[in-house]
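Trainee: Here's the letter readout for the chains.
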Amino acid sequence: MDLLNSPWPWYVAGPLIGLFVPVLLIVVNKMLGISSAFDHLCMMALPTAKKAIFAFKDEENGWKLAFSVGIALGAFIVAQFMSSAPLRFLPEQYHTTEGYVKLFLGGMLVGFGTRYANGCTSGHSIFGLSILQSSSLKATLAFFAGGLLYTGIAFLF
Amino acid sequence: MNKVLYLLFGVAFGIVLTKAEVVSWFRIQDMFQFKELHMYLIIGSAVAVGIVSMQIVRRLKLKSLSGEELKFQGKPFHKGFIIGGMMFGFGWAITGACPGPIFAQIGAGEMPAFFTLAGALSGAFLYHSVKGKLPQ
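Line by line, the protein sequences give chains D and B. Per the working numbering, the first sequence runs over residues 1 to 157. Per the working numbering, the second sequence runs over residues 1001 to 1136.
The shape of chain D in the complex, shown without the other chains (with noise of 0.2 Å):
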């Protein structure tokens, strides 16, 4: 199995994913997660007069701005250098204009729901779940139950 080219199997990268948790935790003392970095993004491009309703503490969620970016750049590290064809991770219909507006509608879900539910997949799926929080398991079950409902509806029309 060629690691550098082909993707990776989950028991692979299941099991590495599920080593951050500890990792941070000892290295950086954060708790994985990446959602509040919206907020971050959101407040630095909004006035000083507006940066008071994220409520946001700069102490736990500070540092995942830099982490997004890491994600950003290890992903380019990637699409550049450790895949042998060129990534495709959206499908046709999503480079048009109708396709960038779904994805407009769909991202203000993504961003309303995780901020509203406290948390994303990382944050509630994988950190939560692995430090045994009930509030993350129904927060969970509750992103399959929406992604579920969609995927349902999407195909009966």
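Worth double-checking, as some hints may not be accurate.
[Claimed, not checked] 30 Å max Cα-Cα, derived DSSO-like pairs, lysine-lysine:
id	chain 1	residue 1	chain 2	residue 2
1	D	Lys102	B	Lys1131
2	D	Lys51	B	Lys1061
3	D	Lys138	B	Lys1079
4	B	Lys1061	B	Lys1003
5	D	Lys57	B	Lys1075
6	B	Lys1133	B	Lys1079
7	D	Lys102	B	Lys1071
8	B	Lys1035	D	Lys138
9	B	Lys1003	D	Lys50
10	B	Lys1063	D	Lys50
11	B	Lys1063	D	Lys102
12	B	Lys1035	D	Lys57
13	D	Lys51	D	Lys102
14	B	Lys1079	D	Lys51
15	D	Lys51	B	Lys1035
16	B	Lys1061	B	Lys1075
17	B	Lys1071	D	Lys51
18	D	Lys51	B	Lys1063
19	B	Lys1131	D	Lys138
20	D	Lys50	B	Lys1035
21	D	Lys50	B	Lys1075
22	D	Lys102	B	Lys1061
23	B	Lys1063	B	Lys1079
24	D	Lys102	D	Lys50
25	D	Lys50	B	Lys1133
26	B	Lys1071	B	Lys1003
27	B	Lys1063	D	Lys57
28	B	Lys1003	D	Lys57
29	B	Lys1061	B	Lys1071
30	B	Lys1131	B	Lys1071
Derived by calculation from the structure, the hints in this document are not laboratory data.
Model the placement of chain B on the given structure of chain D, informed by the hints.
Mentor: For chain B alone, coordinates are given in the frame of chain D:
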């Protein structure tokens, strides 16, 4: 200094997410249509490793490298975990990206993901503007 460390952790996380293809709309579709187990096995094995390692961390009462108590305060449940959670699920199925993968898609050169990010930032701003009126 710490910022560089956070960035490097992000680079490592981004490489794993991208190589695992969990940042792909196609994989997310196959997950929600039960066409393949890839995503479920990744999340399942990540959580299994997370649970076992956190049990070890707790039993050994490990501290952080700088000697601090480890901080993992809980997130108290409210109705938004269900309502917001389902909204996110819809968005995840539409865009093929949860928050981390939005950044990964952009980094991998999928430029339409900038629209997903712009939407996510607008959604976050909208949430904070109306959160006082939402059921908690």
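Trainee: All the hints need checking, so say for each whether the structure fits it.
Mentor: How the hints compare with the structure:
1. Lys102/D - Lys1131/B: 24 Å, holds
2. Lys51/D - Lys1061/B: Roughly 38 Å separates the two Cα atoms, so the pair is violated.
3. Lys138/D - Lys1079/B: Holds - the C-alpha atoms of Lys1079/B and Lys138/D are around 10 Å apart, at most 30 Å.
4. Lys1061/B - Lys1003/B: Cα-Cα ~27 Å, so holds.
5. Lys57/D - Lys1075/B: Holds, at roughly 14 Å.
6. Lys1133/B - Lys1079/B: 13 Å, holds
7. Lys102/D - Lys1071/B: Cα-Cα ~38 Å, so violated.
8. Lys1035/B - Lys138/D: The given pair, whose Cα atoms are some 24 Å apart, holds under the 30 Å limit.
9. Lys1003/B - Lys50/D: 25 Å, holds
10. Lys1063/B - Lys50/D: 38 Å, violated
11. Lys1063/B - Lys102/D: Given that 30 Å is the threshold and the Cα spacing comes to 45 Å, the pair is violated.
12. Lys1035/B - Lys57/D: 40 Å, violated
13. Lys51/D - Lys102/D: Satisfied, since the Cα-Cα distance of roughly 28 Å is no more than 30 Å.
14. Lys1079/B - Lys51/D: 25 Å, holds
15. Lys51/D - Lys1035/B: 43 Å, violated
16. Lys1061/B - Lys1075/B: Since the Cα atoms of Lys1061/B and Lys1075/B sit roughly 21 Å apart, the hinted pair holds (cutoff 30 Å).
17. Lys1071/B - Lys51/D: Distance of about 26 Å is within 30 Å: holds.
18. Lys51/D - Lys1063/B: Violated, at roughly 34 Å.
19. Lys1131/B - Lys138/D: 20 Å, holds
20. Lys50/D - Lys1035/B: Violated: Lys50/D and Lys1035/B sit about 45 Å apart, past 30 Å.
21. Lys50/D - Lys1075/B: 25 Å, holds
22. Lys102/D - Lys1061/B: Roughly 47 Å separates the two Cα atoms, so the pair is violated.
23. Lys1063/B - Lys1079/B: 34 Å, violated
24. Lys102/D - Lys50/D: 28 Å, holds
25. Lys50/D - Lys1133/B: Distance ~18 Å between Lys50/D and Lys1133/B Cα, so the pair holds.
26. Lys1071/B - Lys1003/B: 19 Å, holds
27. Lys1063/B - Lys57/D: Status holds; Cα separation ~22 Å.
28. Lys1003/B - Lys57/D: 16 Å, holds
29. Lys1061/B - Lys1071/B: 12 Å, holds
30. Lys1131/B - Lys1071/B: Holds, at roughly 27 Å.
Consistency with the previously given hints fails for numbers 2, 7, 10, 11, 12, 15, 18, 20, 22 and 23, ordered from lowest to highest.
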